[in-house]
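Full structure from sequences and hints, please.
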Amino acid sequence: GGDDESWDAGALAALDVPILQALCLTSSRADWAENDEGLSPLDAASQIAVPEFDGRLITVPFSFKELDADGLPVYVADTERAARVAGTAVRHARLRHLPNAEKRLALVLSAYPTKHSRIGNAVGLDTPASAVALLRRLIAEGYD
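Quick note: the sequence shown, position 110, residue 490 per the working numbering, numbers continuous.
Simulated from the structure, these hints should not be mistaken for laboratory data. On a predicted model such as this, the values are computed, not experimentally measured, just so you know. Quick reminder that beta carbons are idealized off the backbone N, C-alpha and C, glycines included. Don't take each hint at face value.
Derived Cβ-Cβ restraints for the label pairs, each shown as a range [claimed, not checked]: (1) 451 / 523: 31 to 41 Å; (2) 497 / 422: 20 to 30 Å; (3) 510 / 428: 17 to 27 Å; (4) 496 / 519: 24 to 34 Å; (5) 491 / 408: 30 to 40 Å; (6) 436 / 515: 22 to 32 Å.
Take a look at the structure:
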């Protein structure tokens, strides 16, 4: 960021491509794998919540903080996880070249708390009307 001209968010936006957020966690891979909660609050905020506000698409953790031979923390990319992020990027790139009729979409409506009467509940929003408008737009744009 800052005043550095090499960082130009406008140029990035002009590419008109999805920006994928691969997660660099502050825990070791072993700690992450053993943690039932998944991410620390810091990682959840900095690696998921803030990037989502920027419009980035969240992928998976691919880098973990490990200790090197001198006991200093270093980020280490995990080969399997990095390959998964790369595969996600390839699949997103492929979507641009598929006709809309060949793309598979899902419209998911939440139901919280879990009651049939609460499906699509969103305070202050008309979810059914929005869903219908979205479906009509998709049909108009060639989605089947």
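Hint by hint, which ones does the structure fall short of? 1 and 2
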